Amino acid sequence: MNNTDICMIQEDYKEWRHTRRVFGAVHVLQNPPRGTLTLRFLVSGSASINWVQSPNTIPVDWTTGATYNSNILHT
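In terms of full-length UniProt numbering, the sequence shown is residues 1 to 75.
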């Protein structure tokens, strides 16, 4: 992975699945999971690598093309 990769792991499968970047921040995942989604980001800098988890989840009734706020601010 590099700093532009977005991957998804579904807890019951324990396997990373890569997305395909379409444009900007838009990524595509074949056969996306159903249900509530929790976002976690692996953030690396010169001194450390940390996981950051969004306090918001994407709701169970999420839809393709909608925008959801992760409520994570990274500076």
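Quick caveat, the hints were computed from the structure, so don't treat them as lab data. Careful, some of the hints might be misleading.
[As the list claims (entries may be wrong)] Taking CB as the label site, the calculated pair distances span:
1. 73 to 34: 26 to 32 angstroms
2. 7 to 48: 28 to 34 angstroms
3. 12 to 46: 32 to 38 angstroms
In this text the structure is predicted, and so the values were computed from the model without any measurement. Using N, Cα and C, we set each Cβ at its ideal position, and we do this for glycine too.
Against the structure, the hints come out as follows:
1. 73 to 34: 26 to 32 angstroms: With Cβ atoms ~29 angstroms apart, the hint holds.
2. 7 to 48: 28 to 34 angstroms: 20 angstroms, violated
3. 12 to 46: 32 to 38 angstroms: 36 angstroms, holds
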